[in-house]
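Given chain A, work out where chain B should sit, using these hints.
Protein chains: 2
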Amino acid sequence: PESTHKQIQMGALRLPALTSIFTSSSSVRSSPAIFPLKRCLRLPLRRPFSAQSTTEKVVAPELGDGKGKVVDKDKDRVITPRSQDFNAWYLDVIANAELADYGPVRGTMVIRPYGYAIWEAIQEYMNVKFKETGHSNMYFPQFIPYSFIEKEASHVEGFSPELALVTVGGGKELEEKLVVRPTSETIVNHMFTQWIHSYRDLPLMINQWANVTRWEMRTKPFIRTLEFLWQEGHTAHATAEEAEEEAMQMIDVYTKFAYEQAAIPVIAGRKSRVETFAGASTTYTIEAMMGDRKALQAGTSHNLGQNFSRAFGTQFTDENGQRQHVWQTSWAISTRFVGGIIMTHGDDAGLLLPPRLAPVQVIIVPIWKKDNEKAGVLTASSSVKETLQAAGIKVKIDDSDQRTPGWKFNYYEMKGVPLRIEIGPRDVSSGTLVISRRDVPGKQGKVFGISMEPSALVAYIKDKLNEVQSSLLERATTFRDSNIVDVSSYDELKEAIAQGKWARGPWSAGDEEESKVKEETGATIRCFPFEQPEGPKKCLMTGNSADEVAIFAKSY
Amino acid sequence: PESTHKQIQMGALRLPALTSIFTSSSSVRSSPAIFPLKRCLRLPLRRPFSAQSTTEKVVAPELGDGKGKVVDKDKDRVITPRSQDFNAWYLDVIANAELADYGPVRGTMVIRPYGYAIWEAIQEYMNVKFKETGHSNMYFPQFIPYSFIEKEASHVEGFSPELALVTVGGGKELEEKLVVRPTSETIVNHMFTQWIHSYRDLPLMINQWANVTRWEMRTKPFIRTLEFLWQEGHTAHATAEEAEEEAMQMIDVYTKFAYEQAAIPVIAGRKSRVETFAGASTTYTIEAMMGDRKALQAGTSHNLGQNFSRAFGTQFTDENGQRQHVWQTSWAISTRFVGGIIMTHGDDAGLLLPPRLAPVQVIIVPIWKKDNEKAGVLTASSSVKETLQAAGIKVKIDDSDQRTPGWKFNYYEMKGVPLRIEIGPRDVSSGTLVISRRDVPGKQGKVFGISMEPSALVAYIKDKLNEVQSSLLERATTFRDSNIVDVSSYDELKEAIAQGKWARGPWSAGDEEESKVKEETGATIRCFPFEQPEGPKKCLMTGNSADEVAIFAKSY
Numbered sequence: 004p005e006s007t008h009k010q011i012q013m014g015a016l017r018l019p020a021l022t023s024i025f026t027s028s029s030s031v032r033s034s035p036a037i038f039p040l041k042r043c044l045r046l047p048l049r050r051p052f053s054a055q056s057t058t059e060k061v062v063a064p065e066l067g068d069g070k071g072k073v074v075d076k077d078k079d080r081v082i083t084p085r086s087q088d089f090n091a092w093y094l095d096v097i098a099n100a101e102l103a104d105y106g107p108v109r110g111t112m113v114i115r116p117y118g119y120a121i122w123e124a125i126q127e128y129m130n131v132k133f134k135e136t137g138h139s140n141m142y143f144p145q146f147i148p149y150s151f152i153e154k155e156a157s158h159v160e161g162f163s164p165e166l167a168l169v170t171v172g173g174g175k176e177l178e179e180k181l182v183v184r185p186t187s188e189t190i191v192n193h194m195f196t197q198w199i200h201s202y203r204d205l206p207l208m209i210n211q212w213a214n215v216t217r218w219e220m221r222t223k224p225f226i227r228t229l230e231f232l233w234q235e236g237h238t239a240h241a242t243a244e245e246a247e248e249e250a251m252q253m254i255d256v257y258t259k260f261a262y263e264q265a266a267i268p269v270i271a272g273r274k275s276r277v278e279t280f281a282g283a284s285t286t287y288t289i290e291a292m293m294g295d296r297k298a299l300q301a302g303t304s305h306n307l308g309q310n311f312s313r314a315f316g317t318q319f320t321d322e323n324g325q326r327q328h329v330w331q332t333s334w335a336i337s338t339r340f341v342g343g344i345i346m347t348h349g350d351d352a353g354l355l356l357p358p359r360l361a362p363v364q365v366i367i368v369p370i371w372k373k374d375n376e377k378a379g380v381l382t383a384s385s386s387v388k389e390t391l392q393a394a395g396i397k398v399k400i401d402d403s404d405q406r407t408p409g410w411k412f413n414y415y416e417m418k419g420v421p422l423r424i425e426i427g428p429r430d431v432s433s434g435t436l437v438i439s440r441r442d443v444p445g446k447q448g449k450v451f452g453i454s455m456e457p458s459a460l461v462a463y464i465k466d467k468l469n470e471v472q473s474s475l476l477e478r479a480t481t482f483r484d485s486n487i488v489d490v491s492s493y494d495e496l497k498e499a500i501a502q503g504k505w506a507r508g509p510w511s512a513g514d515e516e517e518s519k520v521k522e523e524t525g526a527t528i529r530c531f532p533f534e535q536p537e538g539p540k541k542c543l544m545t546g547n548s549a550d551e552v553a554i555f556a557k558s559y
Numbered sequence: 004p005e006s007t008h009k010q011i012q013m014g015a016l017r018l019p020a021l022t023s024i025f026t027s028s029s030s031v032r033s034s035p036a037i038f039p040l041k042r043c044l045r046l047p048l049r050r051p052f053s054a055q056s057t058t059e060k061v062v063a064p065e066l067g068d069g070k071g072k073v074v075d076k077d078k079d080r081v082i083t084p085r086s087q088d089f090n091a092w093y094l095d096v097i098a099n100a101e102l103a104d105y106g107p108v109r110g111t112m113v114i115r116p117y118g119y120a121i122w123e124a125i126q127e128y129m130n131v132k133f134k135e136t137g138h139s140n141m142y143f144p145q146f147i148p149y150s151f152i153e154k155e156a157s158h159v160e161g162f163s164p165e166l167a168l169v170t171v172g173g174g175k176e177l178e179e180k181l182v183v184r185p186t187s188e189t190i191v192n193h194m195f196t197q198w199i200h201s202y203r204d205l206p207l208m209i210n211q212w213a214n215v216t217r218w219e220m221r222t223k224p225f226i227r228t229l230e231f232l233w234q235e236g237h238t239a240h241a242t243a244e245e246a247e248e249e250a251m252q253m254i255d256v257y258t259k260f261a262y263e264q265a266a267i268p269v270i271a272g273r274k275s276r277v278e279t280f281a282g283a284s285t286t287y288t289i290e291a292m293m294g295d296r297k298a299l300q301a302g303t304s305h306n307l308g309q310n311f312s313r314a315f316g317t318q319f320t321d322e323n324g325q326r327q328h329v330w331q332t333s334w335a336i337s338t339r340f341v342g343g344i345i346m347t348h349g350d351d352a353g354l355l356l357p358p359r360l361a362p363v364q365v366i367i368v369p370i371w372k373k374d375n376e377k378a379g380v381l382t383a384s385s386s387v388k389e390t391l392q393a394a395g396i397k398v399k400i401d402d403s404d405q406r407t408p409g410w411k412f413n414y415y416e417m418k419g420v421p422l423r424i425e426i427g428p429r430d431v432s433s434g435t436l437v438i439s440r441r442d443v444p445g446k447q448g449k450v451f452g453i454s455m456e457p458s459a460l461v462a463y464i465k466d467k468l469n470e471v472q473s474s475l476l477e478r479a480t481t482f483r484d485s486n487i488v489d490v491s492s493y494d495e496l497k498e499a500i501a502q503g504k505w506a507r508g509p510w511s512a513g514d515e516e517e518s519k520v521k522e523e524t525g526a527t528i529r530c531f532p533f534e535q536p537e538g539p540k541k542c543l544m545t546g547n548s549a550d551e552v553a554i555f556a557k558s559y
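Sequence lines, in order, name chains A and B.
The first sequence begins at 4 in the working numbering and counts up by one.
The second sequence begins at 4 in the working numbering and counts up by one.
Treat the hints loosely; a few may be bogus.
Claimed, not checked - Taking lysine to any residue pairs in the SDA-like style, the calculated list, with each CA pair at most 20 Å apart, reads: (1) Lys399(A) <-> Lys399(B); (2) Lys132(A) <-> Arg221(B); (3) Lys175(B) <-> Glu160(A); (4) Lys175(B) <-> Glu176(A); (5) Lys134(A) <-> Val363(B); (6) Lys134(B) <-> Pro539(A); (7) Lys397(B) <-> Ser86(A); (8) Lys175(A) <-> Gly161(B); (9) Lys175(A) <-> Arg221(B); (10) Lys175(B) <-> Lys397(A); (11) Lys397(B) <-> Ser454(A); (12) Lys397(A) <-> Gly137(B); (13) Lys388(A) <-> Asp321(B); (14) Lys175(B) <-> Lys134(A); (15) Lys134(B) <-> Glu101(A); (16) Lys180(B) <-> Arg109(A); (17) Lys399(B) <-> Ala120(B); (18) Lys132(A) <-> Lys399(B); (19) Lys175(B) <-> Val215(A); (20) Lys397(B) <-> Asn140(A); (21) Lys132(B) <-> Gln234(B); (22) Lys134(A) <-> Pro116(B); (23) Lys399(B) <-> Ser139(A); (24) Lys180(B) <-> Asn140(A); (25) Lys175(B) <-> Lys388(A); (26) Lys399(B) <-> Asn140(A); (27) Lys134(B) <-> Trp212(B).
Read the hints as simulated data drawn from the structure, not as lab findings.
Just chain A, same shape as in the assembly (with noise of 0.2 Å):
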């Protein structure tokens, strides 16, 4: 895993942008020069930029769409290594890849149309799941009555330093301040009530795509925003069991979705009750481990138990003719799963983005020298695009004549296309192509003479895509596992956490000792994970029997 991560580092470090080659903006129009090349590694590099390009930087192509747009030449940015600066390369990597930007408000952001393609691709995958297992989608406002807040008492106590209030409305100053959601619970229940009669009314299954606004103090793009968009489920069950088997059925999509479309390893298992939902009996999660090791809580399910129904009064009346109060649920996956995605995946190159949930899955970029070959590339290339397109591939092509192909290659890398074709004269007479993968730099990653025969080449490339998918999922595995200690005393617990490592090691102790921990080594207990070792355990921290391990881990 350290080689590969080397690896990596060195790939990117060959991907010196390939830099405008236009002095002004009026010399674009008058002449349209371009530097043909058909190898990116072939071309002489320029670096123009002398001030901030080093070799440990990459100069990234900033702004424009990929479509012809050309940028002021002093506006051009670079990307701040990985290895040097994790926070500050993720940035760079938000920016330069025109994800999301700063909103007005101090701690929002505005999702951009590449950023919230990716968020797209989550809800459709995420909208069927849902359906599948039984729920229907449906919209609560997000104006809830501050005494709401209030009734369920440790839902108050988690939530109420977090609040936005509206105080105002039409002019007036109201009579009850409202609570802008910062989850719905609480207003659900409101209406649970109202809908909620016998046990025939249930299980009630419901979900929502919405936005919700914490007031968290330290934000970030994607992790942590004043304003964030998710979708929230919610559901009322007549048993316990019932309930239970939902909140498990739930994380089960969410894991199944980060394994198998995000290509993130997770680890899915139960908060403890110090990191427990405040409102939740039990909270399952997945946690990721982002590629600076920390971790990322990345979707949560709740069993909520007869919390809020007993809060709300939400009740039904059983077979027997008896009322009973609801058993609950209510989980939640948000756009911090993008920060998520970037920070598995993402390198010194830029963005690296999983096949099946990328916005763009192939990039066609045509490569000409002289007027006469630009026809026939691009007719070989649109015709490319068409047969792909029709097999339900999301291709794109840059057939703009303002840019060098060189600068196309950095500038789909760093937007972390994960394949691209390249087409040139030669390859048009030979009726083949080029392809290169975006998780594999250089040479390693390329291959030629590829046949541009539509159902060998669909299939061709169908494979490839599967091929980055599974390595993706594999490399970040390698990488989690290599960076996972099992310890069995405290000492080693705190020499794995100052490494950035995750421990993993038996725990039975209490609240006061994690909080210790916590206060100690900056790291909280991120889950009991499903997947437990077999044989007795001792407690890390105490000594005494343990019936699990747990995972810690500094965390976003």
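Frame of chain A, contents of chain B only:
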């Protein structure tokens, strides 16, 4: 059209509720008795709610999702006849068809799964059209600094009475109060200034699906709520011509949607100066005639000119190196459209959905008398369901044995499902089924002996769905046209409005005369329709020559 209308009402009157056969909850499980019947109309009708049931009211089944849930017998509700009280009818339909419910905060609405599914169908269609016309989805924060709203003079004037303000965040009074977006032109321009540098960054064409908040005093579900869902498109262009073209393109997209998907024959046109959006140079609108003949503004597209770009300094460098303000548009449709669909097509029996937007296009009701018939009927029903589903038809089967077929007929008619399939034991033996159209009540809309053979059946059902779709549009168009009166004087206008109709007449008078019409008649200029009669015209108010006719109507 009048006779059609009467016919619908009569049809509705023939469909009183076939009420629950259960006398108590507990009896349901112990004796799941069935009142089987082949044809709804042959069943002796029972009216257990003598207090409520009169020949003027249709008892509608309430609650439950049609999947075998049984309502408490004292919970059944009635739908007020449309002709008796249109508003009460509208609210009854929304409640009974479970489209929406009131939220806990005044003027807010909970959109329930069945109502939300209609919105999802609208989204699905629109999303494709927006992308086809070159727009990308993205997301802007909903909190806007108050100072932004003040920048465009007429914008602040239009929106400030309707704002919800966040004044407290994270437990602290905010230095600058935040507006919960009523619309996003201001924040969009704030961001556009950062993304637009030269003419090569134009056009910039985006859309967002979002919630918006307007502190309305008089609210009505779907039509006017404190918070609603919508899409808002925002574009920036290099020239006035391009902006105008875009604004027109998008009102055309809406018009086409209204006609082809919603079967609503809207009239597209230009708003008068008085009715123009706060901040726009020109507003284009689609105006729909509801069942009570009031107009509903169902979608708008604004040419914003340079109003916002001047207020926010949204500039670009043109091809000659000159700085210029961009030309902009914005356009929106909202959940209000769902209200428009209800009020256009619904009748005394309840909702009536155009097939292309119906969450369920075909409901299958299996019918059996004896236990030994059940298996065969259910097998045939399932197989029909699978056949239709595989053909992309939205089909559901209601095979619960807790409700009579008659009850189910009424229930799905009330829910507006365009087609019903009935399958009984005799149908199974003959390999046929019965189809009923929701829009043609009784025997007239019923066809017996349709073959179950898959390819024939799929073709038949698709034809029928298209027939219903066309027929709804035709009926609404006839209704609309018979309720628009051409007027040439103010007296004629007043009379038309007094009769509840729309008045169309030449208009070249000023804002003051327009206000006078509103004060004296309650009608406003809905639009200057794009389709104009030829020849010379004289203003109905002043007698001066007029270039255009305007349409006046009372509106929602």
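Cross-check of the supplied hints:
Our distance criterion of 20 Å between C-alpha atoms is broken by lysine 399(A) and lysine 399(B), whose separation comes to about 38 Å. Proposed proximity of lysine 132(A) and arginine 221(B) is contradicted: the alpha carbons are some 39 Å apart, above 20 Å. For the proposed pair lysine 175(B) and glutamate 160(A), the alpha carbon gap of about 16 Å is at most 20 Å, so the pair holds. Pair hint lysine 175(B) plus glutamate 176(A) holds up; C-alpha atoms about 17 Å apart against a cutoff of 20 Å.
With a C-alpha separation of about 15 Å, the suggested pairing of lysine 134(A) with valine 363(B) holds against the 20 Å cut-off. With a C-alpha separation of about 59 Å, the suggested pairing of lysine 134(B) with proline 539(A) is violated against the 20 Å cut-off. As the CA atoms of lysine 397(B) and serine 86(A) are separated by approximately 52 Å, the hinted pair breaks the 20 Å bound. For the hint pairing lysine 175(A) with glycine 161(B), the CA-to-CA distance comes to about 17 Å; that is within 20 Å, so the pair holds.
Under the criterion of a C-alpha separation no larger than 20 Å, the hint pairing lysine 175(A) with arginine 221(B) is consistent with the structure, at around 16 Å. Taking the CA atoms of lysine 175(B) and lysine 397(A), the gap is about 47 Å. The hint is violated against a cut of 20 Å. The straight-line distance between the Cα atoms of lysine 397(B) and serine 454(A) is roughly 41 Å, outside the 20 Å bound, and the hint therefore fails. Between lysine 397(A) and glycine 137(B) the CA atoms are separated by roughly 16 Å; this keeps the pair inside 20 Å, and the hint holds.
The straight-line distance between the Cα atoms of lysine 388(A) and aspartate 321(B) is roughly 33 Å, outside the 20 Å bound, and the hint therefore fails. A distance of roughly 41 Å separates the Cα atoms of lysine 175(B) and lysine 134(A); the hinted pair therefore is violated under the 20 Å criterion. Note on lysine 134(B) and glutamate 101(A): the hinted pairing holds, with a Cα-Cα distance of about 19 Å set against a maximum of 20 Å. For the hint linking lysine 180(B) to arginine 109(A), the alpha-carbon distance of about 13 Å falls within 20 Å, and the restraint holds.
At most 20 Å may separate the alpha-carbon atoms for a hinted pair to count; lysine 399(B) and alanine 120(B) meet this at roughly 14 Å. For the hint pairing lysine 132(A) with lysine 399(B), the CA-to-CA distance comes to about 19 Å; that is within 20 Å, so the pair holds. A threshold of 20 Å between alpha carbons decides the hint, and for lysine 175(B) with valine 215(A) the separation of about 19 Å falls inside it, so the pair holds. About 16 Å separates the Cα atoms of lysine 397(B) and asparagine 140(A), which keeps this hinted pair within 20 Å; it holds.
At most 20 Å may separate the alpha-carbon atoms for a hinted pair to count; lysine 132(B) and glutamine 234(B) meet this at roughly 13 Å. Of the pairs offered as hints, the one joining lysine 134(A) and proline 116(B) holds, with about 12 Å between alpha carbons and a cut-off of 20 Å not exceeded. About 15 Å separates the Cα atoms of lysine 399(B) and serine 139(A), which keeps this hinted pair within 20 Å; it holds. This hinted pair does not check out: lysine 180(B) and asparagine 140(A) have alpha carbons roughly 33 Å apart, beyond 20 Å.
Among the hinted pairs, lysine 175(B) with lysine 388(A) is inconsistent with the structure: their alpha-carbon atoms are about 54 Å apart, more than 20 Å. Our distance criterion of 20 Å between C-alpha atoms is met by lysine 399(B) and asparagine 140(A), whose separation comes to about 17 Å. At roughly 13 Å between alpha-carbon atoms, lysine 134(B) and tryptophan 212(B) fall within 20 Å of each other, so this suggested pair holds.
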